[in-house]
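Trainee: Chains as they are written, first to last, in our numbering: chain A, 1 to 115; chain B, 1 to 112.
Derived by calculation from the structure, the hints in this document are not laboratory data. These numbers come from a predicted model, not from an experiment. Possibly wrong hints are sitting among the right ones.
In silico EDC-like links for lysine to aspartate or glutamate, alpha-carbon gap of 20 Å or less [said to hold, decoys possible]:
no. : chain 1 : residue 1 : chain 2 : residue 2
1   : A       : 49        : B       : 54
2   : B       : 57        : A       : 97
3   : A       : 61        : B       : 29
Output of the computed footprint for chain B on chain A, the stretches with three or more beta carbons under 8 Å from beta carbons of chain B [what the hints assert, rightly or not]:
no. : segment
4   : 7-17
5   : 45-52
Partial list, computed: chain B residues near chain A (C-beta under 7 Å) [unchecked claim]:
no. : residue
6   : 52
7   : 55
8   : 56
9   : 64
10  : 97
11  : 98
12  : 100
13  : 104
Even glycine gets a Cβ: it sits at the ideal position worked out from N, Cα and C.
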Amino acid sequence: AQSVSQHNHHVILSEAASLELGCNYSYGGTVNLFWYVQYPGQHLQLLLKYFSGDPLVKGIKGFEAEFIKSKFSFNLRKPSVQWSDTAEYFCAVKEVDTGRRALTFGSGTRLQVQP
Amino acid sequence: DSGVTQTPKHLITATGQRVTLRCSPRSGDLSVYWYQQSLDQGLQFLIQYYNGEERAKGNILERFSAQQFPDLHSELNLSSLELGDSALYFCASSVSANYGYTFGSGTRLTVV
Chain A
1 AQSVSQHNHH
11 VILSEAASLE
21 LGCNYSYGGT
31 VNLFWYVQYP
41 GQHLQLLLKY
51 FSGDPLVKGI
61 KGFEAEFIKS
71 KFSFNLRKPS
81 VQWSDTAEYF
91 CAVKEVDTGR
101 RALTFGSGTR
111 LQVQP
Chain B
1 DSGVTQTPKH
11 LITATGQRVT
21 LRCSPRSGDL
31 SVYWYQQSLD
41 QGLQFLIQYY
51 NGEERAKGNI
61 LERFSAQQFP
71 DLHSELNLSS
81 LELGDSALYF
91 CASSVSANYG
101 YTFGSGTRLT
111 VV
């Protein structure tokens, strides 16, 4: 079965530090890829998505992610984090060419940004 | 406001009881997905409905069931509740999962 791995469970950074959160998936076929963010007490919101084309995608709030097909990875990056980026971040994968109809989520990475 | 409405926001109930969680999808979305989020299991897909029909099942227990009504709102029924069922239950809607979901704010269920 498809699996999505987020190896960093809890990341603590100071403001202005750079961020990179890892995401790896197991499915070898065509995928659509997503990063969602969940701020404390709120619902999951879409940060960015990749369907095809340029493997470097830009999302909201200065986030970007790079799809590396050979590594089955879709890492999330931000050059300079802010205190307001404190949240939980989820990577999700949708198999495009199978009968699987739902997104598979990683276990999430909790980011804590210290002022 | 994401456009996906879930009620109630919080629910506290006793073991053995039955509860119903409700979800209204974003306008125009025909698909509704239910997920359970717990600390140790992450976000687990439970079930999907599309335009009133069940389309996909994930790790949904036999004690749990769902339906989608003609007005496209969906209900998740949880019965014979156990302490381990305590979790956040999210509903999401989409035109197609290929393009991602819009999530509701969730229902926090506490079983005591």
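Trainee: Taking the hints in turn, state whether each one holds.
Mentor: Hint check:
no.: 1; hint: A/49 to B/54; verdict: violated (26 Å)
no.: 2; hint: B/57 to A/97; verdict: holds (18 Å)
no.: 3; hint: A/61 to B/29; verdict: violated (26 Å)
no.: 4; hint: 7-17; verdict: violated (count 0)
no.: 5; hint: 45-52; verdict: holds (count 4)
no.: 6; hint: 52; verdict: violated (15 Å)
no.: 7; hint: 55; verdict: holds (6 Å)
no.: 8; hint: 56; verdict: holds (4 Å)
no.: 9; hint: 64; verdict: violated (16 Å)
no.: 10; hint: 97; verdict: holds (5 Å)
no.: 11; hint: 98; verdict: holds (6 Å)
no.: 12; hint: 100; verdict: holds (5 Å)
no.: 13; hint: 104; verdict: holds (6 Å)
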